[in-house]
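In the order they appear, the protein sequences are chains H and E. Position 184 (the first sequence) corresponds to 196 in our numbering; numbering is contiguous. Position 43 (the second sequence) corresponds to 55 in our numbering; numbering is contiguous.
Just so you know, not all the hints are guaranteed correct.
No copy is singled out in the list; a pair is fine if it fits within one copy or between any two copies.
Within a straight-line C-alpha distance of at most 20 Å, the following computed EDC-like cross-link-like pairs (lysine to aspartate or glutamate) qualify [what the hints assert, rightly or not]:
| # | residue 1 | residue 2 |
| --- | --- | --- |
| 1 | 202 | 235 |
| 2 | 230 | 109 |
| 3 | 185 | 281 |
| 4 | 202 | 56 |
| 5 | 185 | 275 |
| 6 | 185 | 298 |
| 7 | 202 | 48 |
| 8 | 118 | 281 |
| 9 | 230 | 161 |
| 10 | 230 | 54 |
| 11 | 118 | 143 |
| 12 | 185 | 235 |
If you're looking for bench data, these hints aren't it; they were derived computationally from the structure. Computed from a prediction, not measured in an experiment: that's the story for all the values here.
2 protein chains.
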Amino acid sequence: MNTASGTEPYFLGIDLGGSRIKTVAVNAVGQTLEQESIPFEDREMEWAGRIQEMVLDLRMRRGWPVAIGLSAPGLAARDARSIMHMPGRLRGLEGLDWQQYLGFPKPIFVLNDAHSALLGEAWIGAAQGLENVFMLTLGTGVGGAAIVDGHLLRGHLGRAGHLGHITLDSSAKNDDVGTPGSLEMAIGNKTLRERSQGRYTSTEALVRDARHGDLPAKALWQDSVRSLAIGINSLINVLDPEAVILGGGIAQAGPDLFEWLTETLQRHEWCPAGLGVRILPASLGDLAGAYGAARQAILSQSGNVGTVSC
Amino acid sequence: MNTASGTEPYFLGIDLGGSRIKTVAVNAVGQTLEQESIPFEDREMEWAGRIQEMVLDLRMRRGWPVAIGLSAPGLAARDARSIMHMPGRLRGLEGLDWQQYLGFPKPIFVLNDAHSALLGEAWIGAAQGLENVFMLTLGTGVGGAAIVDGHLLRGHLGRAGHLGHITLDSSAKNDDVGTPGSLEMAIGNKTLRERSQGRYTSTEALVRDARHGDLPAKALWQDSVRSLAIGINSLINVLDPEAVILGGGIAQAGPDLFEWLTETLQRHEWCPAGLGVRILPASLGDLAGAYGAARQAILSQSGNVGTVSC
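Go ahead and model the full structure; you've got the sequences and the hints to work with.
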């Protein structure tokens, strides 16, 4: 494969987010050569054109990468060449064959964005070196992914790790995918207005008021964090991690989140032989997906295509 | 390794249950050569002596097996040579090194009983050939195990797959391991007396009355099965199986369980691209654990020691 003269071989990770596209170029030992982040509007496949331009620009300067990984919302197809299911947003993404679209000479490994973020954190972030770990991304909704026994869980339809869609209150109403009283509904920003009787639209404001001693705010925040603890407790019994990684905007609350969460979790967690689970903040921020995609690109060259090991 | 003359090489699966020990001897292609089931009392390690006698008897008649797998309650140690955590019952089991105890010339692969049962079902039972499947054993409590992307989930402490310990009602009281309002509490026999205000101690009797039109019995049974459906729905979003296997005494209820369960699940299940999950009865009954242990014995000879693939 031709690379531009004078440049070293590199691997490209692309992350198609909700409103930004991030790319990271890394060398074979994982050093970052460059990264980029650009905004886009979700109309007429603008995102696809932007990605094409970014890849072309890189190719002009560095030649083709050795391999490309691409992270995007939705469920990745079994052959990992496209996103097979992404209703509602990013029209045109479903079924788009990225190798063909970008004219790349090899298959491009396409991953679900939450899977990719955990792969990134497990590579060079908060989950580095952990063989049993799951991640929750606390934002508008609650996303998730899990690595068990060293394997990133993909599942039959690429849906494994939708950890926000577990029930905590079976008598409550259904969430977007039909799950009653889900973890996502208990702590995601999308229900905050309803949970606060219209008082809040941002968890940041809620946490600030709670910290300053506003009693209703404190009660609501503690209740939300208790729900998160109960959800994590369930997931610990299912997935048996060594650590749990929390990312997304709500995880920025820092001690206001982690202290109350840990205290609540300790009241419920089954600690066989006295061994508990660590709760850690994610460390790669919004670059986790791009790094995970780059990691998958590297793995795809070492006989790991299709297994998504870490 | 010496085998008695005139007998073919065989693999031995041993399942130490709550009140019975089951063994199965299979040949290299998985054909059953013989099986045995004997009762024991849980006192002074009677179970250990019984297993020793059973193995000695087999050895006299067939020589040593090529490999031995052993399934038991509790969490298997990371090196799979013993059960490392089993409080309350089977005193003496924790830390017992089975290779040493039985004087076998190779390591004996020790598995958690629920893990073993699913491995058995995935080998020659209801989950045969499935790469993404989980199993719930509905009895006194609710046990579980999961295979995702072809790997049996073991986890950091061997606890993965404790699927009965997920919360369905976060405001209810804690179960045995600290999980509030768990799936186990919603359908396991251990809470039936309480759930029925003292009227029932056996789910079989409850189901019979429900079938014959007793309205309170019907309401309670439907409520229990709805909880099971909600729990399965959560687990589908986490583990993304192709099918769910139900075993244990309560699964004997047949259509009284499966029809209402399927109907309720359909009201909640997220079916991406219209694809739903099949709910199937287990097919190996109480021999699943012994077959799973035998399967693990075979796998341990083909380079799969420690990975517990299926």
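So, going through the hints one by one against the coordinates:
1. With identical chains, the CA atoms of residue 202 and residue 235 are at most 20 Å apart within one copy only, with a shortest distance of 16 Å there and 30 Å across copies.
2. Taking the closest pair of Cα atoms, residue 230 and residue 109 never come within 20 Å of each other, the shortest separation being 48 Å inside a single copy and 51 Å across copies.
3. Proximity of residue 185 and residue 281 under a CA criterion of 20 Å is satisfied inter-copy only: 14 Å between copies versus 26 Å inside one chain copy.
4. Taking the shortest Cα distances, residue 202 and residue 56 never come within 20 Å of each other, neither inside one copy (26 Å) nor across copies (57 Å).
5. Taking identical chains as interchangeable, the C-alpha atoms of residue 185 and residue 275 lie at most 20 Å apart only when they sit on different chains, with a minimum of 18 Å there against 28 Å within one chain.
6. Taking the shortest alpha-carbon separations for residue 185 and residue 298, neither the intra-copy value of 31 Å nor the inter-copy value of 38 Å comes in at or below 20 Å.
7. Taking the closest pair of Cα atoms, residue 202 and residue 48 never come within 20 Å of each other, the shortest separation being 29 Å inside a single copy and 57 Å across copies.
8. Taking the shortest alpha-carbon separations for residue 118 and residue 281, neither the intra-copy value of 46 Å nor the inter-copy value of 36 Å comes in at or below 20 Å.
9. Within a single copy, residue 230 and residue 161 get their C-alpha atoms no closer than 38 Å, and across copies no closer than 42 Å, so neither meets the 20 Å cut-off.
10. Taking the closest pair of Cα atoms, residue 230 and residue 54 never come within 20 Å of each other, the shortest separation being 37 Å inside a single copy and 51 Å across copies.
11. In the homo-oligomer, the alpha carbons of residue 118 and residue 143 never lie at most 20 Å apart, since the shortest distance is 29 Å inside one protomer and 27 Å across protomers.
12. Within a single copy, residue 185 and residue 235 get their C-alpha atoms as close as 18 Å, and across copies as close as 16 Å, so both meet the 20 Å cut-off.
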